[in-house]
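Colleague: Chain by chain, the residues:
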Amino acid sequence: MYFGVDYYPEQWPRERWETDLQLMKEAGLNLVRVGGFSWSILEPEEGRYDFSWLDEVIKVISSYDLDIVLELPISAPPAWMLHQYPDILPVTSDGRKTGFGAQRHYTVNSRNYRDFCSKTASALAERYGSEESVVGWQLGNETVHLSYGKEDQVAFQSWLERKYETLEKLNEHWGTVFWNQTYSAWEQIHVPAEIPQEDNPSMQLDFNRFWAETHTNFNNKLMRLLREQTDSRQFITHNLVYSGTVQEHREIAEGLDVASFHTYPVLADVTMPRQPAAAARKHDLCRGTKQGKSYWVTEELSGAPSNNRTGYLPRPGHLKLWTYQAIARGAEAVVYFRWRAALRGTEQLCQGILDHDGMPRRKYNELKEMTASLQTFADEYIASDFPAEVGFYHNPENEWAWQIQPQSAQFSYEEEVLRFYEPAHALNIHTDMIQEKDNLSAYKVLIVPVYFLTKPALNEKLKSFAEKGGTIIFTYRTGVKNSDNAVHEKTLPGELASLCGIEIHEYEALPGDGTAQIKGTAGPMKNRSGTGSVWADYIEPAEAEVLAVYEGKWFEDKAAVTKNSFGKGTVYYIGCGLERGLLLPLYEEIFQNAGLETTRLRNKVELVQRETKHTKYLAVLNHNIDKKEEAELPDGKWKDTAGKEKDCKGRITLAPLQSIILKQHKS
Amino acid sequence: MYFGVDYYPEQWPRERWETDLQLMKEAGLNLVRVGGFSWSILEPEEGRYDFSWLDEVIKVISSYDLDIVLELPISAPPAWMLHQYPDILPVTSDGRKTGFGAQRHYTVNSRNYRDFCSKTASALAERYGSEESVVGWQLGNETVHLSYGKEDQVAFQSWLERKYETLEKLNEHWGTVFWNQTYSAWEQIHVPAEIPQEDNPSMQLDFNRFWAETHTNFNNKLMRLLREQTDSRQFITHNLVYSGTVQEHREIAEGLDVASFHTYPVLADVTMPRQPAAAARKHDLCRGTKQGKSYWVTEELSGAPSNNRTGYLPRPGHLKLWTYQAIARGAEAVVYFRWRAALRGTEQLCQGILDHDGMPRRKYNELKEMTASLQTFADEYIASDFPAEVGFYHNPENEWAWQIQPQSAQFSYEEEVLRFYEPAHALNIHTDMIQEKDNLSAYKVLIVPVYFLTKPALNEKLKSFAEKGGTIIFTYRTGVKNSDNAVHEKTLPGELASLCGIEIHEYEALPGDGTAQIKGTAGPMKNRSGTGSVWADYIEPAEAEVLAVYEGKWFEDKAAVTKNSFGKGTVYYIGCGLERGLLLPLYEEIFQNAGLETTRLRNKVELVQRETKHTKYLAVLNHNIDKKEEAELPDGKWKDTAGKEKDCKGRITLAPLQSIILKQHKS
Amino acid sequence: MYFGVDYYPEQWPRERWETDLQLMKEAGLNLVRVGGFSWSILEPEEGRYDFSWLDEVIKVISSYDLDIVLELPISAPPAWMLHQYPDILPVTSDGRKTGFGAQRHYTVNSRNYRDFCSKTASALAERYGSEESVVGWQLGNETVHLSYGKEDQVAFQSWLERKYETLEKLNEHWGTVFWNQTYSAWEQIHVPAEIPQEDNPSMQLDFNRFWAETHTNFNNKLMRLLREQTDSRQFITHNLVYSGTVQEHREIAEGLDVASFHTYPVLADVTMPRQPAAAARKHDLCRGTKQGKSYWVTEELSGAPSNNRTGYLPRPGHLKLWTYQAIARGAEAVVYFRWRAALRGTEQLCQGILDHDGMPRRKYNELKEMTASLQTFADEYIASDFPAEVGFYHNPENEWAWQIQPQSAQFSYEEEVLRFYEPAHALNIHTDMIQEKDNLSAYKVLIVPVYFLTKPALNEKLKSFAEKGGTIIFTYRTGVKNSDNAVHEKTLPGELASLCGIEIHEYEALPGDGTAQIKGTAGPMKNRSGTGSVWADYIEPAEAEVLAVYEGKWFEDKAAVTKNSFGKGTVYYIGCGLERGLLLPLYEEIFQNAGLETTRLRNKVELVQRETKHTKYLAVLNHNIDKKEEAELPDGKWKDTAGKEKDCKGRITLAPLQSIILKQHKS
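Protein chains in written order, with full-length UniProt numbering: chain E, 1 to 667; chain H, 1 to 667; chain G, 1 to 667.
These aren't lab readings, by the way, just hints derived from the structure by calculation.
Each hint should be verified, as a subset may be incorrect.
If several chains are the same, the list does not tell them apart, and a pair holds so long as it fits within one copy or across any two.
Cut-off 16 Å, straight-line C-alpha distance, at most; resulting in silico cross-link-like pairs (EDC-like, lysine to aspartate or glutamate) [what the hints assert, rightly or not]:
1. 568 x 626
2. 463 x 632
3. 663 x 611
4. 169 x 369
5. 119 x 55
6. 568 x 257
7. 568 x 94
8. 553 x 626
9. 649 x 632
10. 526 x 357
11. 490 x 269
12. 644 x 56
13. 368 x 151
14. 553 x 257
15. 646 x 385
16. 97 x 194
17. 490 x 357
18. 368 x 626
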């Protein structure tokens with residue numbers, strides 16, 4: 001498998017390159033990602049290309065037998081280009097044209113920008129498309145930003161015209177009759193901007209769709225250009241982002257060979273590593289992007305992150321732990337950000353594997369030791385199966401709808417999805433990220449959290465899934481919106497009401513201290529009580545059984561959690577942001593009833609089971625920074641793949657931040 | 001009396017109208033407010049009017065025998081208009097032209113906008129001015145926003161020229177000599193905008209006056225247009241706003257038949273209902289706008305409010321309670337916002353009497369039951385007298401002066417005025433909102449809180465009021481400013497010093513933890529102690545008696561509360577934001593000394609006494625959400641107007657959120 | 001010595017002037033600062049000067065035998081000028097041209113503005129350059145603001161061209177290769193502005209340098225104009241600002257006769273006076289600006305400060321205390337802001353010695369009493385020596401580098417510098433503010449806090465200082481940056497590593513609760529423990545001795561505080577924001593080892609020793625507001641200069657806010 005680094009030779013004198021490459025080689029690395037910020041070198045003035053520097057870079061790297069991923073340099077167009085073609089500069093939502101500086105100072109809706117990108121991509125493909133050491137291309141880097149200028153508005157109007165064909169249809173789908181916003185000409189349509197009150201949510205969702213499609217189309221155009229001019233041996237990827245972005249990851253990745261993303265368990269303004277389930281979910285998302293195949297980590301944190309503020313310094317063991325988590329959850333390659341801390345420019349305080357002084361030390365040694373211990377079995381390991389019997393729904397459009405209307409001051413999409421993901425992780429249940437297009441028949445349980453913006457196709461699939469015996473977990477605010485991001489006229493939970501066997505007539509963002517008292521009344525919740533937060537759906541059971549109710553004067557007869565039989569299956573509805581103490585035993589019983597085996601893991605311990613035809617693998621990861629912790633191993637004797645620990649069975653104790661991968665021959 | 005709803009037929013298919021109107025009729029409603037957001041339907045392109053849709057709306061509504069208030073559609077000018085005449089779009093205080101979207105996307109200073117409004121108003125008046133079922137017109141909707149563009153600047157300059165005639169006078173009144181801001185031409189004058197430091201406060205106050213007058217003039221112009229073309233039978237109103245707005249409510253309402261306003265005891269970002277005195281004060285304000293007559297609630301909250309955040313869900317009983325509070329305090333009609341939650345557009349998550357699914361349920365049934373119980377006596381009740389012996393001063397200009405210079409980080413105009421209003425409410429004392437133009441002779445006590453920006457006419461009236469035996473309560477920061485919003489040269493409290501019998505030489509926004517220790521020394525405050533907050537005037541008594549002093553090293557000899565005899569009257573001065581525990585006994589003694597009867601009501605219980613020649617009415621309202629509470633009834637036997645409770649006397653107990661209106665024949 | 005006031009005769013009627021001047025005279029004042037905001041009066045329209053008003057002002061003031069400082073009126077250019085030449089208006093960092101209003105509404109990069117200033121300065125110099133009563137000129141007032149407009153950008157580009165000569169050099173020094181920001185033409189260079197991510201730190205530092213130099217050059221130009229046309233008897237100064245400003249105080253003051261500044265121990269948003277060391281440090285800064293000579297306070301707070309919020313009301317005794325602190329620490333004149341509170345305009349709520357009503361009261365009486373008691377000895381006192389054996393490093397460029405990259409969310413330059421200054425103050429150690437140009441040989445100890453942006457010249461001086469036996473205290477983040485504001489390639493602390501005898505391989509902004517546990521292991525820290533905050537350098541001692549270590553799992557073997565012998569000297573390195581409880585004993589031992597005498601002063605008691613050939617002076621200042629406090633006097637009998645207290649020796653007790661200056665004849 002590939003272990004690589006992000007390397008910026010343009011930042012270092014030619015005489016240093018050999019030292020760096022020698023050190024990389026010795027550390028067991030076999031891949032280098034280069035080129036992302038070198039446009040001014042490759043095209044120093046309009047139309048004049050000069051590849052001598054990149055030729056030399058590639059020559060030297062390959063002389064050390066390292067493979068290369070070439071990143072197109074399009075994240076940061078050169079100063080000369082922006083000065084000559086200021087239409088490329090993006091515009092903020094309050095109408096301000098942003099200046100040159102940092103990166104991503106362009107709008108994809110500028111034809112000039114797109115033309116420059118195409119020409120440069122072609123020139124690079126022509127030159128390096130059959131270069132032996134170039135094994136792949138990266139098209140875009142974290143392309144997540146929007147722009148609100150004149151060019152963007154015109155493109156939005158055209159996109160809308162293609163989508164709706166007539167203004168009558170657009171007015172109807174957007175409900176412009178509300179507050180008299182009926183359009184009588186396409187040019188009247190604005191981009192969402194800072195106005196005295198909120199913009200139309202249907203329009204806002206379409207603006208996000210427009211931007212996601214714009215990014216996808218631009219990516220596809222570059223991809224086709226490269227396909228035509230490069231060896232089929234060379235793969236193509238794109239560095240994706242999975243939080244709070246206007247990106248349709250599956251769409252953008254569809255034509256790519258590899259889905260890849262950056263993972264930063266801490267950031268400059270995140271002062272402690274987030275809980276392991278948060279990173280696990282991101283890995284699941286990237287693994288699911290191409291249905292479990294072809295997934296890389298293109299940027300794995302290697303030192304303290306920093307912009308003008310500096311973040312948490314990863315402790316000894318973190319680099320290995322995060323790498324193990326990545327490959328255990330499906331990554332086929334890990335590329336570290338970055339080889340060495342820059343001496344100059346914006347992100348100069350952000351650390352790398354080497355620090356500013358270029359001396360190999362702790363982080364380098366950790367890396368070296370880790371690659372050595374992985375060498376013998378990594379290829380077999382990453383080819384093993386990741387069996388999952390639980391599907392977890394995530395769709396960017398649903399996230400956008402929540403971002404447009406968060407509804408509760410306490411609501412955070414990331415936190416609420418994590419609320420309903422984490423107990424599965426804590427019960428040692430593997431999850432796949434699913435969407436409406438997926439074949440769901442392999443799963444026993446589907447978790448469909450905060451399913452606010454509904455998809456008719458998914459609604460149908462879920463009904464059929466339950467009918468055939470599957471188990472589904474829904475949560476508050478299910479079934480509220482149709483695909484126009486308008487409210488369904490059906491009684492809540494709308495299209496899902498019969499599936500859940502309930503109706504909801506009253507609901508609210510929880511007032512006062514933001515919590516409701518919940519009393520369990522049946523099943524796994526019997527005799528348990530606790531709190532719910534963020535939101536309360538006051539449920540009227542129809543066919544469903546009540547598992548928990550709200551306590552309090554006015555809505556105390558209302559259900560908080562229900563369970564319904566539908567066909568051969570079972571459907572749960574959780575009406576509020578249920579606290580973990582109640583959610584964990586509920587999930588446990590749901591999984592067990594669905595025939596899944598669960599284990600209550602110790603806090604911040606993560607287990608991942610993989611297998612090949614003949615071998616079982618078990619990754620055991622202690623994410624606790626200051627605490628040793630135990631893990632219960634499945635039956636049988638296990639062997640440490642790194643050969644450091646002796647064979648073990650039963651209960652083992654891990655040091656703080658210890659991570660091991662065990663294996664066992666199937667009998 | 002009228003019970004109505006805000007209805008938006010444009011949002012629903014024609015076939016639903018009949019269902020809605022039938023349901024309204026059955027709920028006991030007799031009025032519908034329509035038309036506010038239908039400009040694009042009525043004038044689909046410039047100059048082409050098409051009233052067929054509105055004809056149909058009116059025909060169908062009147063076929064159900066419901067009366068109609070027509071709202072002019074001018075809050076939301078159509079997309080085509082703004083696209084063709086972009087000068088209509090408003091400009092923010094940081095110079096950004098805001099885009100189309102939401103509502104109120106216009107500046108009244110645009111001649112184009114005003115002309116379009118006049119033409120449309122005329123066309124509507126011509127068509128519906130003698131329509132039987134149309135009983136009234138609403139001219140403007142919450143017209144509270146400012147604009148800072150070129151058109152506004154030119155209008156401001158002309159307004160200033162009319163006001164001051166010469167630049168010499170303007171320079172003098174504004175004190176432009178400070179920081180060398182002398183103007184030598186009218187065109188040099190800017191609008192207040194975001195500049196490195198604060199703008200001249202005299203200029204800022206004039207800018208607010210200019211805007212208030214601009215709104216009033218525009219309203220009057222439309223009013224005159226309608227008067228000319230409509231039956232005198234049809235009344236004219238305007239939906240006012242009473243918090244934090246640049247509106248001269250009395251001026252704008254002067255030519256109107258009815259003053260009306262919206263009341264939202266909770267909002268999307270107010271998670272629990274505000275204390276009952278807060279809503280009571282707003283009702284007093286609207287009742288006082290036309291001196292106790294012709295006051296409507298045009299928007300009464302009926303469900304959970306929501307923008308992109310959702311607020312508190314009113315509990316069973318709230319709708320009735322708030323309606324009872326409104327009519328008890330003088331409202332002659334109540335119109336609920338809104339009939340049904342919208343499926344599309346910006347405010348789609350805001351609830352109505354019906355929710356998105358259009359099914360009549362709890363809220364509908366509450367409404368229906370309430371109108372039924374009010375039917376028999378409501379007309380008599382709303383015609384009864386609301387006797388008040390205490391006047392409470394409020395003038396928008398004073399509020400603006402405080403907004404321009406809040407002086408203390410703890411200061412909030414709403415909260416501080418409420419501080420000095422609430423104890424009267426808690427002592428079962430009726431208050432009228434008064435201004436300098438009013439005849440004050442009927443009152444025994446005047447409360448004049450945070451009287452910062454003084455009015456010479458009021459100063460004189462207050463002196464004469466006290467001389468004749470009246471009682472006045474002043475608070476901190478009295479008498480600081482003249483009508484230029486400049487500081488008086490006289491020793492504080494300026495023109496009011498002799499009236500109060502004190503001087504103030506030292507004062508401050510309270511530092512450290514923001515409180516001062518207060519020790520009562522005489523009268524009702526003797527042997528009491530507590531805290532003051534927000535501000536401290538360190539008072540030097542001249543003729544006044546000291547009731548309380550500050551404790552602490554440096555200013556401990558200074559008075560905090562004083563009492564002065566002036567003529568036959570008595571004048572109190574409260575030098576800090578006195579805590580409720582001290583304010584309540586002080587008010588009690590003041591009222592009793594002035595010959596008023598007081599009752600200490602239980603927490604959040606409200607009593608309102610009304611009467612006709614032969615009958616006494618008593619509204620008893622328990623605003624406690626989760627707590628039953630007692631109320632002491634005045635002498636005699638009382639009968640429940642709704643006929644539900646049996647006759648009662650003495651002490652009664654109300655369920656949480658229970659509201660009743662009792663009556664008694666005068667003997 | 002001079003005691004003066006800031007007086008604005010333009011705000012008051014001519015007939016009041018005599019009253020004011022008579023009161024000033026009686027209060028013992030002998031100087032008036034006038035003219036700063038009178039440009040519209042002096043030049044009512046372009047090119048037409050009218051000095052009759054100022055003639056009269058000067059005539060009347062001198063008739064009372066008060067001396068005059070004339071402030072150039074350039075802080076607030078007139079409305080007519082900005083209307084005719086809008087290029088003068090400044091532009092914010094987000095590209096918004098700010099409107100007229102308040103003050104400082106100009107950019108110095110406007111040639112029009114500079115020309116108007118020169119002409120006006122010349123005209124004033126010509127007229128008053130030999131005026132007897134005019135003893136000095138003030139050129140600029142708090143000139144601290146930046147502008148980001150077109151004129152500024154062009155000036156910045158020219159400045160860069162002068163500095164770097166070629167784009168190759170600029171690209172290299174700025175490291176534009178990072179994120180592909182290479183410039184190929186000077187016109188491509190932007191000003192730092194709000195962009196999606198942070199701007200290049202090298203560019204940002206250069207932008208600050210450009211602005212500081214721009215202000216200095218403009219000041220020098222005016223200075224030369226005045227020098228040519230005025231008597232040499234008249235001095236020239238500039239009202240400087242010492243916190244968070246883009247000002248090179250020493251550069252701007254180099255050609256001036258007097259350095260002066262404003263001091264505000266409380267402000268509208270600072271609700272309690274800052275600790276005495278904070279003001280002491282500001283006084284040290286201004287005294288150091290011209291190497292201990294010619295330092296004035298041009299604005300000393302006299303009443304409660306206020307913008308639209310009002311701040312702390314200085315207690316009786318504060319005015320005297322702050323004056324005593326100023327003259328004890330070296331001020332040769334104190335001018336109070338301001339004579340009387342303005343009735344109109346922006347800062348109308350800010351108090352003066354007289355309040356709005358113009359009546360002399362408490363503050364006036366305090367002032368009068370104080371000047372009387374100072375009269376007899378002030379001239380001798382301010383001429384006495386201020387002996388300091390400790391130098392404290394401060395360089396604006398280092399402050400700017402921190403502002404550009406604060407690195408830790410807890411970091412505040414002011415607070416962190418104060419952390420390392422205050423213990424010296426508390427140990428009764430005098431400090432001088434030093435820079436790399438200074439002769440350091442007179443000092444025994446140098447404190448060089450947060451020395452992030454290094455200066456090669458200083459590095460060399462520090463080495464030689466230590467070699468010869470001096471003691472140096474360094475702190476965390478020493479030696480990180482070179483003068484390009486780029487990171488040094490050498491292992492930390494870079495050029496200072498051998499001097500400190502350490503290396504630093506790991507470091508971080510402290511995560512979690514932001515503190516680290518520190519355990520003392522040797523010397524003064526032995527057996528002490530406590531916390532560090534803000535930042536942690538995990539130190540590897542080379543030659544240095546370890547005085548304290550970090551506790552905690554991962555970096556517990558790392559040093560937190562070290563001590564190194566270098567030549568004949570000693571060098572300390574403090575790796576974190578050490579808490580005061582640990583810093584104080586450490587400083588104590590360091591000073592004592594260096595041969596300095598220390599005294600642990602009581603909390604908020606300040607002592608200042610001065611001396612002439614024959615006399616010792618001792619200022620004893622109790623900054624405690626509510627608490628009397630003791631002070632230990634040095635040996636011998638002391639006499640109160642004000643003649644109020646009897647002779648004293650040993651321990652004396654001061655009332656809250658009491659301040660006295662004692663003297664003793666040298667034997």
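Colleague: Now look at each hint and say whether the structure bears it out.
Modeller: Structure-based check of each hint:
Taking the shortest alpha-carbon separations for residue 568 and residue 626, neither the intra-copy value of 47 Å nor the inter-copy value of 43 Å comes in at or below 16 Å. Proximity of residue 463 to residue 632 under the C-alpha cut-off of 16 Å is found in neither arrangement, the shortest distances being 37 Å within a copy and 59 Å between copies. Taking the closest pair of Cα atoms, residue 663 and residue 611 come within 16 Å of each other only inside a single copy of the chain (9 Å); across copies the shortest separation is 82 Å, beyond that limit. In this homomeric assembly, residue 169 and residue 369 never come within 16 Å of each other (Cα to Cα): the closest approach is 62 Å inside a single copy and 41 Å across copies.
For the identical chains of this complex, residue 119 and residue 55 are neighbours neither inside a copy (18 Å) nor across copies (61 Å), given an alpha-carbon limit of 16 Å. For a Cα distance limit of 16 Å, the shortest separation of residue 568 from residue 257 qualifies neither inside one copy, at 39 Å, nor across copies, at 66 Å. Proximity of residue 568 to residue 94 under the C-alpha cut-off of 16 Å is found in neither arrangement, the shortest distances being 53 Å within a copy and 61 Å between copies. Taking identical chains as interchangeable, the C-alpha atoms of residue 553 and residue 626 lie at most 16 Å apart only when they sit on different chains, with a minimum of 7 Å there against 45 Å within one chain.
With identical chains, the CA atoms of residue 649 and residue 632 are at most 16 Å apart within one copy only, with a shortest distance of 8 Å there and 72 Å across copies. Neither within a single protomer nor between protomers do residue 526 and residue 357 lie at most 16 Å apart by alpha-carbon distance, with minima of 61 Å and 33 Å respectively. Taking the shortest Cα distances, residue 490 and residue 269 never come within 16 Å of each other, neither inside one copy (43 Å) nor across copies (27 Å). For the homomeric pair residue 644 and residue 56, neither the shortest alpha-carbon distance inside one copy (41 Å) nor that between copies (85 Å) is at most 16 Å.
In this assembly of identical chains, residue 368 and residue 151 lie within 16 Å of each other by CA distance neither inside one copy nor across copies; the values are 49 Å within and 54 Å between. Proximity of residue 553 to residue 257 under the C-alpha cut-off of 16 Å is found in neither arrangement, the shortest distances being 58 Å within a copy and 43 Å between copies. In this homomeric assembly, residue 646 and residue 385 never come within 16 Å of each other (Cα to Cα): the closest approach is 25 Å inside a single copy and 76 Å across copies. When the C-alpha separation of residue 97 and residue 194 is checked against a cutoff of 16 Å, the pair qualifies both within a copy, at 15 Å, and between copies, at 10 Å.
For a Cα distance limit of 16 Å, the shortest separation of residue 490 from residue 357 across copies, 5 Å, qualifies, whereas the shortest one inside one copy, 65 Å, does not. For the homomeric pair residue 368 and residue 626, neither the shortest alpha-carbon distance inside one copy (24 Å) nor that between copies (63 Å) is at most 16 Å.
In this structure, the hints that do not hold are numbers 1, 2, 4, 5, 6, 7, 10, 11, 12, 13, 14, 15, 18, in rising order.
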